[in-house]
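Each chain, letter by letter, is given below.
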Amino acid sequence: MTKMLQHSGYEEERLQRVAELLPCREVQAGMLLSLMGQPQQCSYPSIFIYGHRASGKSHVMQVLLKELELPHATVSCVECVSVALLFEQVLLSFFGCDAASLLPRSPSLSDFVRIYRQHCSQTPAKQTRYIVMEKAELLRDTDANLLPALLRLQELVDDNVTIILLSEIVWDKFRPNTGCFEPLLLHFPDYSKGELQQILSQDKHPSYSAEFYSSYINILLGVFYSVCRDLRELRHLAALNFSKFCEPLAEGKVKETDTHKLWRNIEPHLKKAMQTVYLREVSSLQWEQLQQMEERECGALRGLSAHTHVELPYYSKFLLIAAYLASYNPARTDKRFFLKHHGKIRKTNFLKKNEKTSNHLLGPKPFPLDRLLAIFYSVVDSRVAPTASIFSQISSLVTLQLLTKVSHDDQLDAPKYKCAVSMDFICAISRTVNFEIIKYLYDFL
Amino acid sequence: MSTSSVSKGCFVFKPSAKKKKTLSLEDHFSHGCESAESSEKRFKLCQDLWDKIKSDTEVLQDDLNRKILDSLLDFTRKCSSTRQLSDWASQMRASEIPTAALVLGVNVPDHDMTFQSLSELLQQSVTPHVASVQAKECGALKHLMKRVLERLMGTDVTVDDEEEEEAEQTSTPLHKSVHCSLSTLCDWYKTKTKKSNTPGKKRSSPSRDDPQQPPVVIIFKDLEAFNPKVLQDFILICSRYIERLPLMFIFGIATSPSTIQHMLPHSVSSLLCIELFQSLSCTQHLATVIDQLILTHHFPFKLNAKVLQVLMSIFLYHDFSVRNFIKGLQLALLEHFHSQPLSVLCCKKKDALLNVMQLSHSDLERIRNLPSFKRYVEKQEPQEQVNLSKDDTHLKEVCQKLIKGLHKYHKNYYPVLRCLHTLTSSLPRYPLGKQVRELHLICLEKNVWENEDYQTAMKLLRMLAKDELVALLQRCVEILQPVKSKKMKNAFLQLTDLLTKFKQLDTVAAEPPPCVEEPIISPVRNLQKKTDLFQLQKTLLEMNESRRAKKLSPFEVLRNEALEFLDNLVKSHLSPPESHTLNEVCYYTSSATVRRHLNATPRTSIQAALNSPYYYLQNDRLKTVDGSVSNSAPDICIAYKLHLECGRLINLYDWLEAYATVVSAAEGNNPDSDNYGKVEEVKHARFIRAVSELEFLGFIKSTKQKTDHVARLTWGGC
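Order-wise, the sequence lines are chains A and B. Reading the first sequence from the start, the letters are residues 485 to 929 in the numbering used here. Reading the second sequence from the start, the letters are residues 32 to 749 in the numbering used here.
If you are wondering where the hints come from, they were derived from the structure by calculation, not from laboratory data. Mixed in with the good hints there might be a few duds.
[Stated by the list, open to error] Per the computed footprint, the stretches of chain B lying under chain A, defined by three or more beta-carbons under 8 Å from a beta-carbon of chain A, are:
(1) 167-181
(2) 258-268
(3) 300-306
(4) 429-437
(5) 448-457
(6) 620-633
In this text, a Cβ means the ideal position worked out from N, Cα and C, and glycines have one as well.
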């Protein structure tokens with residue numbers, strides 16, 4: 485059934501096992517094997533593998549290297565907050581902790597190369613060594629020389645070593661402008677629907693038949709395939725909803741083969757799951773509890789985004805309103821809104837060419853602190869002393885991410901802000917203080 | 032210091048142990064304190080009261096948080112137990128990191144206490160491994176890692192960073208190799224759990240299902256302030272280790288839970304299993320604090336209406352922080368005991384009576400000068416007046432009596448206040464406020480029964496239906512029941528009497544009403560005869576009157592009686608404290624001080640200093656009559672004053688000339704001499720300094736529009 489992996493360097497039996505563990509990835513695995521050659525052969529210095537999330541990149545590498553018992557080091561770049569960690573992990577898995585402890589504090593690349601060579605000459609490689617770097621896109625943010633050096637590490641350390649970079653983005657986005665050694669590129673395409681079905685059907689529930697589980701997966705994919713092709717996520721959803729699927733079976737209403745009835749039972753449930761638990765509006769734990777509860781109680785649970793109400797002190801509310809007005813009204817129109825005797829100015833007189841589009845479509849604009857306070861004092865109904873706590877409220881609004889500071893932190897002189905709340909939010913806020921914000925917005929004039 | 036050595040060399044002298052005696056709190060208190068002799072006693076009283084307030088609020092806070100903390104603890108337990116299941120579903124499920132989103136409200140200063148008690152509780156009952164981190168200490172991923180590891184493992188962790196040279200030198204070589212990564216944490220956790228498991232197995236049976244693997248809890252105190260990138264990376268890393276390390280997160284959220292979705296993309300939030308926990312709102316929290324600390328006679332220290340108003344408005348308008356409210360209370364407490372010598376009497380009744388006997392002559396003089404006492408004296412007989420002003424021992428006796436009266440007043444005030452609040456808080460449109468604190472403020476200010484709102488409230492109460500009224504009265508009875516004062520016991524008995532009468536009405540009501548409606552019929556008959564419009568109006572009015580007067584049902588009679596009774600209760604017990612003699616002993620009145628300390632106005636004070644330097648410098652030469660600045664004021668004041676006369680742009684040269692003229696006048700130069708008003712080097716330098724100081728204070732700034740001009744940043748002027 486499965487295509488056979490064939491390679492002269494390894495035993496048949498092992499390759500068989502590898503092929504079983506890698507369903508739907510035989511082509512890629514075969515390609516990799518032929519690139520890697522026989523263990524003792526010298527291999528290509530660097531290989532770059534890219535493909536979407538959960539397309540089996542790490543899994544294929546892991547299985548190949550483990551099952552074929554090749555010396556390797558796997559490093560996740562997100563974990564390496566400093567290059568020292570990266571070097572340490574590589575040295576540790578190749579040469580043991582002696583080598584790792586030789587690294588000085590804050591080591592440089594040449595320290596790493598030196599220690600590597602030193603140990604490599606003591607224990608020369610009989611087989612190709614592999615360094616697998618997951619989430620390699622983060623390497624672009626490290627020192628500029630790291631990525632080019634890693635790509636030709638084989639030359640630098642004079643050892644039979646191959647770097648394998650795994651990434652979700654294409655190589656073109658990596659290439660440094662100074663140029664570098666080009667790795668071999670290998671693409672992992674997304675799984676097709678049929679492949680997903682095949683892989684997901686493999687983890688069947690021990691107490692049910694394989695056909696039954698496969699039909700369940702079929703229904704699940706029918707609902708979710710249009711929104712989600714992430715294998716990991718699909719497997720998670722399958723596990724969460726399977727008990728509901730089996731419910732009529734356990735009650736003895738339906739037989740295993742009666743797919744239509746089972747589908748009728750599970751379909752609305754899965755639709756609901758798509759809006760809640762898939763978006764993480766409801767946690768998986770709560771979802772499982774919900775399934776045990778009666779249908780009518782389900783409505784009680786509200787998702788995360790349903791809670792948007794924020795209670796604020798009185799003046800903070802007005803500061804936020806003033807910030808919103810300053811962000812969405814052109815500064816020229818302040819006179820019209822906040823001066824008592826502004827005269828009659830029509831909107832058409834104001835219109836400039838670029839302002840014909842709605843300010844709300846363009847998003848918030850930055851405004852200086854002075855303007856915020858000027859609007860604040862004219863908007864708030866009572867006389868407010870310019871106390872220190874008014875100013876500290878502005879900065880606490882910034883930490884709450886209701887305002888964002890646009891200018892640099894160091895700039896003490898006339899800092900600039902943007903309002904970061906939505907129209908609905910500000911309307912709800914102004915309703916609580918009886919302020920008709922719509923009347924003060926240029927867009928709604 | 033000397034050495035016995037003859038040779039040259041370096042000698043180390045350790046600083047002698049008690050070279051500088053640090054001032055104790057008490058010394059600070061008595062420094063600059065009014066009437067130093069009693070300061071010690073007052074300090075002790077103040078300290079005791081504050082300790083009590085502090086412990087009470089802590090207990091209160093714990094009580095309020097108990098519910099949410101309990102559910103949070105349940106959540107952690109549930110998470111750590113489901114993790115150890117090994118059935119099919121949990122194996123297939125992507126292992127998410129359990130996360131509690133704890134919504135705490137915008138009163139960020141209060142959160143510390145909550146998190147403190149949360150982590151203590153967690154450590155006691157769930158897991159020893161708890162670490163909490165704050166956004167400001169975790170600017171980058173490695174710092175966050177470092178903090179987490181440090182707090183969990185309790186050791187120093189080296190991050191490869193130049194800035195931390197010192198830390199490395201001090202740490203022992205054993206920790207040197209500890210790298211800042213989660214795999215280190217994993218190893219540490221493995222050894223930790225192994226160690227704790229082996230003795231456990233020897234001792235107890237496996238039936239004790241204490242989690243073999245206690246979760247590792249990481250608390251993010253202020254989620255909003257974290258850099259989203261750092262947080263995302265950290266979660267990604269953690270999810271790689273979730274199989275080996277039972278991690279768990281608690282997010283402290285100040286705004287709304289949807290911030291999680293704003294900060295984390297789906298790829299990251301899909302690694303979390305988020306459950307929401309909503310804490311009590313801060314206004315409710317404050318209501319309980321006020322209930323326990325202010326609306327009680329247990330604390331002799333009181334705030335008057337204005338001070339309370341200031342504290343309340345800071346809370347409602349500015350910060351929503353209960354902690355700051357309590358700090359404000361502490362400030363008022365300290366100020367009261369510091370500035371009011373008679374506050375020795377502000378303590379429990381027994382102690383106060385003792386303290387009265389120990390008052391010195393000068394203290395008694397102070398009592399005689401109290402406005403409330405003067406008012407009291409005026410009401411007495413002439414002979415008694417003389418006695419009070421001359422005889423110290425007599426005064427002491429009277430004082431004892433008055434103090435007793437004051438305590439009695441407090442004992443009766445609060446129950447009656449609560450009764451009135453229960454009656455009025457459910458009325459439409461809340462004539463006397465929704466919260467009991469609002470009613471309290473009204474009562475503190477003046478006689479509540481003269482208030483218009485009180486009248487309307489009473490009118491509304493007279494229209495209540497029976498079942499509503501009875502329910503309200505029942506609640507009043509419940510309030511009065513535990514009170515131990517004589518008058519309240521009386522009131523309680525009378526009220527229960529009324530209640531039983533109300534209940535008896537039900538049985539009586541079965542009988543037909545005895546009164547026949549004859550008197551009403553007669554005017555109607557009269558009406559038919561006359562057609563005069565004026566007469567008609569008159570008769571209608573009469574009819575109305577008579578109907579109201581005569582148609583009173585037994586229930587209405589009883590209702591009026593009950594309300595009359597309550598009205599009397601209010602009138603006799605809810606008089607404002609100013610009307611009571613010696614109220615100055617207990618009531619702190621200086622709202623201006625509190626406001627100045629808690630709600631500072633830096634800008635106003637700078638302007639005040641520049642406008643009238645005498646206010647701060649207290650130098651007689653600076654005194655002026657009409658608010659103008661004298662010539663001899665500091666340079667910056669003169670420059671400020673002159674700049675007020677200018678428009679938006681100020682010509683620097685004109686400004687300098689004007690300045691030189693003013694300063695020359697101050698030096699007493701002859702106006703006719705040649706040098707008068709000349710700009711010499713020293714004046715020039717002084718002027719430049721003044722201008723740069725003004726720039727520093729933010730009044731002017733340089734402008735590119737005109738090179739020799741500066742722009743004003745303030746409006747208005749002389």
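Going through the earlier hints one by one, which of them does the structure break, listed in rising order? 4 and 5
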